[in-house]
Amino acid sequence: MAKALKNKFALVGLGLLAGRYPDRSMRALQTEAARLAIEDAGLSVAQVDGAVDLRLAPGSGDIPSSTDAFPRVLGMPCRMFFQISRGGAAGIMGIVAASKFLEMGAANYVVLACGTKDWSRSRSARASGVTSLNMIEKAGYWGKPFGDLTAVSHHSFFAGRHMYEYGTTAEQLGQIAVASRQWAALNPLAQFRDRPLDIEEYLDSPLVVDPYRLLDMCVVSDGAMAVVMTTAERAADLAKPPVYVMGAGVGEAMERLWWEKANYTRLAVETAKDVAFREADIEIDDVDFAGLYDCFTGEVLFQIEDYGWCGKGEGGPFVADGRIGPKGTLPINTSGGLLSAYHLGELTHLAEAVTQLRHEAGPRQVPDARIGLVSGHGGELLSPGMCSTHASLVLGRA
Amino acid sequence: MTPSRPRPNIDEDNRPFWEAVQERRFVLMRCQECGRWYWPAAYCRHHRNAPFFGSLRWEPASGRGRVFVCNIHRRAFHPAFEVPYVFALIELEEGPMFGSNIIGCPVEDVRVGMPVEIAFTEVEDGVVLPLFRPSAPDPSGANVSTEGARA
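Each protein sequence line maps, in turn, to chains A and B. Quick note, my numbering runs 1320 ahead of the 1-based positions in the first sequence. Quick note, my numbering runs 223 ahead of the 1-based positions in the second sequence.
Please keep in mind that the hints were generated in silico from the structure rather than gathered at the bench. Take these hints with a grain of salt, some might be off.
[What the hints assert, rightly or not] Derived Cβ-Cβ restraints for the label pairs, each shown as a range:
hint	chain 1	residue 1	chain 2	residue 2	range
1	A	1446	B	280	42 to 48 angstroms
2	A	1559	B	306	27 to 33 angstroms
3	A	1442	B	289	35 to 41 angstroms
4	A	1400	B	242	27 to 33 angstroms
Predicted model only: the values in this text are computed from it and were never measured. Built from N, CA and C at the ideal position, the CB exists for glycine as well.
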């Protein structure tokens, strides 16, 4: 079968704002990240004629959808623009969609940008005592009267069930939190760069939704991330070394139907990985580093098993020896990830993958990194709570 | 004044379920052709369906099941909730998974596999919810009242 993606398109510009921006609108953050990405590529705004608005939050929410958009603010001469929303998989889906527009010649350069104000929103919400998913999915999310109020309210089911079936321990999950924090110490943009963590402190952190402790949970951030994408031919002439899209794939928990029991100890990796890896012509051992979606520690454990670095149920012992940390042999979530760096959905990991493949990651650089894997996780919040989508993206440098 | 807890999101698809709950009846959708049970509302996935949900009806269900997985909320994310409380996925006898709270025992006593039964509970004035509690010892459930205690 002819390859649809492999090395035909490239990410050529990166704009990243991460941290706390209480005085900036989400629109302004997105616009600024897009400007930075276009500049990073060595392009002018007037050359970028396509744009994709990546929406991280599901549901109706409080985010304006149609009233104004970053391409207008930036003054882009857009020939194509659309929004795509799939929770923490919107970026990978956006890249797949943008590839088709580029192939059709609907645009020459596409900038994809996401923004979030979750940190600022969490500050104002805290004052009211009403937090998290209370504010989104105003219709259709039916677990609220039972106190299923946050992502951790139901995502903890994943960890609970894995512990029940495979004997996974809190200490093993804690090794994932510790490794992320060790990577974060090497990332100047990480929110927890100055907060070292050891396993004792992890185990002492308060249970929020048992079995999950505070330190099993990701951070919230303000910020924005943008990438410029173009064809491989156009990418060759730009300012930075191109980061090629080698393969991409998506999977759905619905493939096994969301109420089926297998869905509580695995993510929908299988189909996503098969398509992405086949397209990229790689095996798991070809991956030099990975950014695995880490809204909670359990998701990382599941994906280590689901991608095949170890067998199902073996993830706990696999991570227990520091294997995924800076001194280990399998570099995972080298930015510090959502757990310890900043939360822009899977764009956190996409930004890191571009940085690693450009060999610009400084003290956390994976030596001679050539192939990186980024995963996304998102979609419907059914109760029983499931993020049904898994997305895989394989990136490489020449 | 204690703030109200979030109300169920009631729409055209699940209204019959919530109306039955207010009358302390536990109903699920059942396929009239093959007898399979569904929650939430769904088309039967085993054969062709009549328009909309025409092959299915809301029918009384046992209100019994087993805890498939559970957690203990130790922090409140909304001022109407008192912690700790257990949120669980219950595998109903009829097959579907149902998310609800387990009441009527210490939170630490809730275990995967534990048999539970419906405990309709008026959580606030006029708001009845389908909560669950540990099943009474008699496995037939014959002497078990479905009248829940007020939480």
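Going down the list of hints, with the structure as the test:
1. For the pair residue 1446 of chain A and residue 280 of chain B, the supplied restraint of 42 to 48 angstroms holds, since their beta-carbon distance comes to about 45 angstroms.
2. At about 53 angstroms, the CB distance of residue 1559 of chain A to residue 306 of chain B disagrees with the hint of 27 to 33 angstroms.
3. Range check, residue 1442 of chain A to residue 289 of chain B: about 36 angstroms between beta-carbon atoms, so the 35 to 41 angstroms window is met.
4. Restraint check, residue 1400 of chain A to residue 242 of chain B: a C-beta distance of roughly 47 angstroms breaks the suggested window 27 to 33 angstroms.
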